[in-house]
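In the order they appear, the protein sequences are chains A and B. Position 235 (the first sequence) corresponds to 235 in this note's numbering; numbering is contiguous. Position 85 (the second sequence) corresponds to 85 in this note's numbering; numbering is contiguous.
Fair warning: there could be bad hints in the mix.
[To be verified] Below, in silico cross-link-like pairs of lysine to any residue (SDA-like), each with a Cα-Cα straight-line distance of 20 Å or less:
| # | chain 1 | residue 1 | chain 2 | residue 2 |
| --- | --- | --- | --- | --- |
| 1 | A | K111 | B | P157 |
| 2 | B | K252 | A | W140 |
| 3 | A | K112 | B | P157 |
| 4 | B | K252 | A | R56 |
| 5 | A | K111 | B | L231 |
| 6 | A | K260 | A | H200 |
| 7 | B | K252 | A | A137 |
| 8 | B | K252 | A | E89 |
| 9 | A | K111 | B | G155 |
| 10 | A | K68 | A | Q5 |
| 11 | A | K112 | B | K252 |
| 12 | A | K260 | A | P243 |
| 13 | A | K112 | B | I160 |
| 14 | A | K111 | B | K252 |
| 15 | A | K111 | B | R159 |
| 16 | A | K68 | A | T34 |
| 17 | A | K111 | B | G156 |
| 18 | B | K2 | B | L231 |
| 19 | A | K260 | A | T53 |
[Stated by the list, open to error] Not close to chain B: a few residues of chain A, all C-beta gaps over 10 Å, as computed:
| # | residue |
| --- | --- |
| 20 | L106 |
| 21 | P107 |
| 22 | Q110 |
| 23 | V172 |
| 24 | V221 |
| 25 | Q236 |
| 26 | A258 |
[To be verified] Chain A is nowhere near these chain B residues, computed Cβ spacing over 12 Å in every case:
| # | residue |
| --- | --- |
| 27 | R35 |
| 28 | R48 |
| 29 | L49 |
| 30 | A77 |
| 31 | S81 |
| 32 | D147 |
| 33 | L222 |
| 34 | L229 |
| 35 | G238 |
| 36 | V240 |
| 37 | L247 |
Hints in this document: simulated from the structure, not taken from any laboratory. Just so it is clear, CB atoms sit at the ideal spot from N, CA and C, and this is done for glycine as well.
Spelled out from the first residue to the last, the chains are:
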Amino acid sequence: MLEVQGLRKVYKSAGRSGRSGQREVEALRDLTFTVDTGELVCLVGPSGCGKTTLLRCIAGLLEPSGGKVSLDGREVNGPSPGLAMVFQEYGRSLFPWMSVRDNVELPLRQKKLPRERRVELVEQALEAVGLAGTESAFPWQLSGGMQQRVAIARAVAYEPSTLLMDEPFAAVDAQTRADLEDLVRALWQRLGVTVLFITHDIDEAVYLGQRVVMLSSSPTVVQDEVTVDLPADRDQLHTRADPRFTALRTHVYEQIQAAKLGAVSQAAPRS
Amino acid sequence: MKRLAYVLGLPVVLFAAWFVISAGSENFYAPPLSRILESFGRTWTLDRLQADVLPSLWRLIAGYVLASVIGVALGVAIGLSRGLRATVEPVLEFFRAIPPPVLVPVIMLFAGIGDGMKIIVIVFGCVWPVLLNTVEGVRAVDSVQLDTARAYGIGGPARIRQVVLPAASPQIAAGLRQALSIAIILMVISEMFAASNGLGFTIVQFQRSFAIPEMWSGIILLGLLGFALSLLFRLAEGWVLRWYHGLRSVTKGR
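Let the hints inform the model, and build the full structure from the sequences given.
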């Protein structure tokens, strides 16, 4: 279970005028939401809403200024072995000097797993993402979609309780994207992991999630939350044509628009 | 086959030109190439290779390896720590600006005229390109790669060995390549000052005893040695950095 309570993050940048010139930028104001064990929650927000900051706080890569994040009941204050992350920039997140196998295996070696177990996990993970047979290739020899599959395999092999995905399909083409969305849902159903999926794509959020959390513009709060009451078995063709799907996406769209407008009306008096 | 022709084409032409132009040379200091080549076989016998070339090579390799290890180790430390960088960088710039040959007499005072002195001179000259390139390479490691390493609990020595060093390796290799040619130059120079054997020493001996064709043959040998070493380096680099060259050819093609 992932709990985010009153999360706040303020960046301080030293101004030129020394003592008095400290400029503060409030990225996250007050964020509270929960992802239950085994749940798949999508997070959407207008661009520039502090998604990356939020994600880095959850992953333990960034210290929050206030509030706290807990994972499975324990407060996060550094990268946790219970959490695996899939980054948006697969090309920069996979290590180009390692083969596909070594990329997936490296975190397992850090976990000090015995060799046989590592081999087994790597094999299963690559099999699960449909990449069996590419073990000895370098990641850059594969297509973009396949590279992101390697990154997903690396996360899955890590055996996390929670999977954090940061706009993982923003950089792949539409068809590959549809395949990868189905892959994520299939893996989630099979492995029973908790998934927090961050995206800027409203359709994707509604298609994937059991719940969609909408964020406001920066400084960020939770704008709204909606439960996606679509059947658990989803497919690209029928789910997306479902009137309920359309109604949900309209709702999310309106909320995101409202969030953007809110930001404008908030900013206007100041300037 | 075609590549081989490209590689060998110009050297063959140059040698042929030298051969033809120098053929009737009466100049004592620029004897015909035919005489130089003739003396080459006579001069560089197995005994002499053992007595002079091997010691030179040993100093070269010892100095080069030492400089590489020191340069990479210090470079990683300086590249990773901002505080260390701010403290050390001005001093490094100063030391780097000193031409190493100037230091030969000074180093001789401390380290004598043995192998130690020559190795120190080589190290002092070679360490800078390695060090500075390593610092730059380490500083330029992709932040997403570092985040990935942290998120997956890859820290400490594993982070340096598995992520930082490989990520910086193309830049480190560029430094090592520069250092190799500096090492050869300094090997010869250090042997010219004070030595009892070695390639540089032998060439100077020939010159002083007016054995001009032999002197020229030594220079040719030096050139061949440098060529062979850089060829070896390129082969090794091509193997170690095959991922980098592959990656580059892929991203260029897109």
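For each hint, the structure was consulted:
1. The straight-line distance between the Cα atoms of K111(A) and P157(B) is roughly 14 Å, inside the 20 Å bound, and the hint therefore holds.
2. For the proposed pair K252(B) and W140(A), the alpha carbon gap of about 12 Å is at most 20 Å, so the pair holds.
3. With a C-alpha separation of about 14 Å, the suggested pair K112(A) and P157(B) falls inside the 20 Å cut-off, and the hint holds.
4. Between K252(B) and R56(A) the alpha-carbon distance is near 32 Å, which puts this suggested pair outside the 20 Å criterion.
5. For the hint pairing K111(A) with L231(B), the CA-to-CA distance comes to about 41 Å; that exceeds 20 Å, so the pair is violated.
6. Only pairs whose Cα atoms come within 20 Å are accepted, and K260(A) paired with H200(A) is accepted, the gap being roughly 13 Å.
7. Proximity of K252(B) to A137(A) is assessed by CA-CA distance (about 19 Å); at most 20 Å being required, the pair is judged to hold.
8. A distance of roughly 18 Å separates the Cα atoms of K252(B) and E89(A); the hinted pair therefore holds under the 20 Å criterion.
9. For the suggested pair K111(A) and G155(B), the alpha carbons sit about 11 Å apart, so the restraint of at most 20 Å is met.
10. The straight-line distance between the Cα atoms of K68(A) and Q5(A) is roughly 5 Å, inside the 20 Å bound, and the hint therefore holds.
11. With a CA separation close to 38 Å, the supplied pair K112(A) and K252(B) exceeds the 20 Å bound.
12. Restraint check for K260(A) and P243(A): the C-alpha separation of about 26 Å exceeds 20 Å, so the hint is violated.
13. For the proposed pair K112(A) and I160(B), the alpha carbon gap of about 17 Å is at most 20 Å, so the pair holds.
14. Note on K111(A) and K252(B): the hinted pairing is violated, with a Cα-Cα distance of about 36 Å set against a maximum of 20 Å.
15. Between K111(A) and R159(B) the alpha-carbon distance is near 13 Å, which keeps this suggested pair within the 20 Å criterion.
16. Between K68(A) and T34(A) the alpha-carbon distance is near 12 Å, which keeps this suggested pair within the 20 Å criterion.
17. For a cut-off of 20 Å, the pair hint linking K111(A) to G156(B) stands: about 13 Å separates their Cα positions.
18. Taking the CA atoms of K2(B) and L231(B), the gap is near 18 Å; set against the 20 Å cutoff, the hint holds.
19. For the suggested pair K260(A) and T53(A), the alpha carbons sit about 18 Å apart, so the restraint of at most 20 Å is met.
20. Listed as a non-interface residue, L106(A) fails to keep its Cβ farther than 10 Å from every Cβ of chain B; the least gap is roughly 6 Å.
21. Here P107(A) does not stay apart from chain B, with its beta-carbon only about 4 Å from theirs, under the 10 Å limit.
22. Distance check on Q110(A): its Cβ comes as close as 5 Å (rounded) to a Cβ of chain B, failing to clear the 10 Å threshold; non-interface status is violated.
23. Distance to chain B confirms V172(A) as a non-interface residue, since its nearest Cβ pair spans about 14 Å, more than 10 Å.
24. Taking the minimum C-beta to C-beta distance to chain B, about 25 Å, the non-interface status of V221(A) holds against the 10 Å cut.
25. For Q236(A), the non-interface assignment is confirmed: its Cβ lies about 28 Å from the closest Cβ of chain B, beyond the 10 Å cut-off.
26. For A258(A), the non-interface assignment is confirmed: its Cβ lies about 32 Å from the closest Cβ of chain B, beyond the 10 Å cut-off.
27. With a cut of 12 Å on Cβ distances, R35(B) stays outside the contact zone with chain A, its closest approach being about 51 Å.
28. Chain A leaves R48(B) outside its interface by the beta-carbon criterion, the shortest separation being 43 Å against a cut-off of 12 Å.
29. Listed as a non-interface residue, L49(B) keeps its Cβ farther than 12 Å from every Cβ of chain A; the least gap is roughly 39 Å.
30. The claim that A77(B) is not at the interface with chain A holds, since no C-beta of that chain comes within 12 Å of its own (minimum 21 Å).
31. No beta-carbon of chain A is positioned within 12 Å of the beta-carbon of S81(B); the least distance is around 19 Å.
32. At the 12 Å boundary, the C-beta of D147(B) falls inside the reach of chain A, the nearest C-beta of that chain being 6 Å off.
33. Residue-level check passed: L222(B) sits 35 Å from the nearest beta carbon of chain A, beyond 12 Å.
34. The beta carbon of L229(B) sits about 25 Å from the closest Cβ of chain A, which is more than 12 Å, so the claim that it is off the interface holds.
35. G238(B), annotated as away from the interface, keeps every beta carbon of chain A farther than 12 Å; the closest lies near 14 Å.
36. With a minimum CB-CB distance of about 9 Å to chain A, V240(B) fails to clear the 12 Å threshold, and the non-interface call is violated.
37. Look at L247(B): its CB is around 5 Å from the nearest CB on chain A, not clear of 12 Å, so calling it non-interface is violated.
Checked against the numbered hints above, the structure violates hints 4, 5, 11, 12, 14, 20, 21, 22, 32, 36 and 37; every other hint is satisfied.
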